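Modelling step: build the complete structure from the supplied sequences, incorporating the hints.
Residue-level listing of the chains:
2 protein chains.
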Amino acid sequence: MGRRSIHTAEELRELILTSTTELIEDEGLAGLSAREIARRIGYSPGTLYNVFENIDDLVLTIEGRLLDQLALSLHAVPEDECPHQRLKNIAKAYLRFTHDNPRLWNLLFEHHMQTGAEIPPWYQEKLENLLAEVERELTRLIPGASDARVKRAARVLWAGVHGITSLSTTDKLATVTTDDAAPLVEDLIDHYLGGLTNKKS
Amino acid sequence: MGRRSIHTAEELRELILTSTTELIEDEGLAGLSAREIARRIGYSPGTLYNVFENIDDLVLTIEGRLLDQLALSLHAVPEDECPHQRLKNIAKAYLRFTHDNPRLWNLLFEHHMQTGAEIPPWYQEKLENLLAEVERELTRLIPGASDARVKRAARVLWAGVHGITSLSTTDKLATVTTDDAAPLVEDLIDHYLGGLTNKKS
DNA sequence: ACCTGAACACCGTTCAAGT
DNA sequence: ACCTGAACACCGTTCAAGT
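Read top to bottom, the protein sequences are chains B and V.
Numbering-wise (my numbering), the first sequence opens with residue 1 and increments by one.
Numbering-wise (my numbering), the second sequence opens with residue 1 and increments by one.
Hints should not be assumed to be uniformly reliable.
Since the list gives no way to pick out one identical chain from another, each pair is judged satisfied if it fits inside one copy or across any two copies.
Claimed, not checked - The calculated DSSO-like cross-link candidates involving lysine-lysine, where the alpha carbons are at most 27 Å apart (straight line), are:
#1 Lys126 - Lys88
#2 Lys126 - Lys151
#3 Lys88 - Lys151
#4 Lys151 - Lys92
Since the hints were made in silico from the structure, they are not lab data.
Given the structure is predicted, the values throughout are model-derived calculations rather than measurements.
Shown next as structure tokens:
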């Protein structure tokens, strides 16, 4: 027993993160276990606790990386469109991302912190950055609107797209199939934005 | 050991169901365990398996009852309104229901069948009945619309309301707080239906 | 017929002991 | 300094044995 030093501290950390990510994409949250991660990386379970505080800490780190990847995908959506079209393209990019990482994405909803543990501030920031992208386009679309109105619209759209992808991913409320997701998202955005801009009241 | 017959078979079944429901509302899915249920009802773990096939079977039964309760709540929404207003009232009833049973409701998304197990047909039927209520009002609202268009609109609304409640319940994507949910749902329905009816293209 | 409780194959996490 | 592996307190599920 004792030191092996086959991997540096950073290599080991990365090995744990990639192996865990693979494990989740393979088996879902249900198949996730500290002992299984240890088996996959060829270390004892105890080693994980030298690198991460606990499994929550490890999973939260993976979730943060996932949010970063999503942010990159959304920022990559070309700017040279009208706001309405760009919002649709952002939504499509979101859809593609969740489609490519379904189990990892589900992690964000299904994994809860153990009682007492708080969600770190950097996590909240990442989320708000994602919403900011939507808010920017909405401001372009309805220039006269108040901040509150834009914020509300961004959350409604975000939640709506989330709801559609969520229902198409979850088995239990699957009145929506995966194939339906894209047209439903288009329908939501077209009609919601239509109602937003064609306002008479 | 051996027979006790303090409870009849039906009493025991009901005892398990109510205790498990309470346990879930207390501790969430994470705190759910066969051994903890057994402790709470004062029977050995093995007894659970005389009544239910396994924990999945038990949980699915609870979920079915939950869907029945929701169906009752939605059907209880008064009919004497215009479709637009009735849809808003149905959504509000939905919101109230999820607010009153947050952890149980989350069960529907967070609890997955073990690999290989299928979701029973009665479960799907309950879901479709809920959607049918929304489809009926939409048909009244846009009488000329095709079946496909109504179905699509019903799913978009359903998913949208689900997304809002889901985000307000989940800790991990909580850019939406619980207080926000009702106004966001109103906003969604008003603008989406506005876009649906004010169609020019 | 009904219920138990030991048994089996698992968990997350800690920490003394080894190199 | 780094890593192990036994230990502790848990799991879900099965099934022979008891009344």
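Between copies, within a copy, both or neither: which fits Lys126 and Lys151 at Cα up to 27 Å?
-> within (16 Å within a copy, 35 Å between copies)
Original post:
Is it within a copy, between copies, both, or neither that the alpha carbon of Lys88 lies no farther than 27 Å from that of Lys151?
Top reply: Cα proximity of Lys88 and Lys151: in one copy and across copies (18 Å, 21 Å).
*Using 27 Å as the alpha carbon limit, work out where Lys126 and Lys88 are close: within a copy, between copies, both or neither.*
So Lys126 and Lys88 pass the 27 Å test inside one copy only (21 Å; across, 32 Å).
Using 27 Å as the alpha-carbon threshold, which applies to Lys151 and Lys92: within, between, both, or neither?
both (21 Å within a copy, 21 Å between copies)
Comparing the model with each earlier hint shows no violations; every hint is respected.
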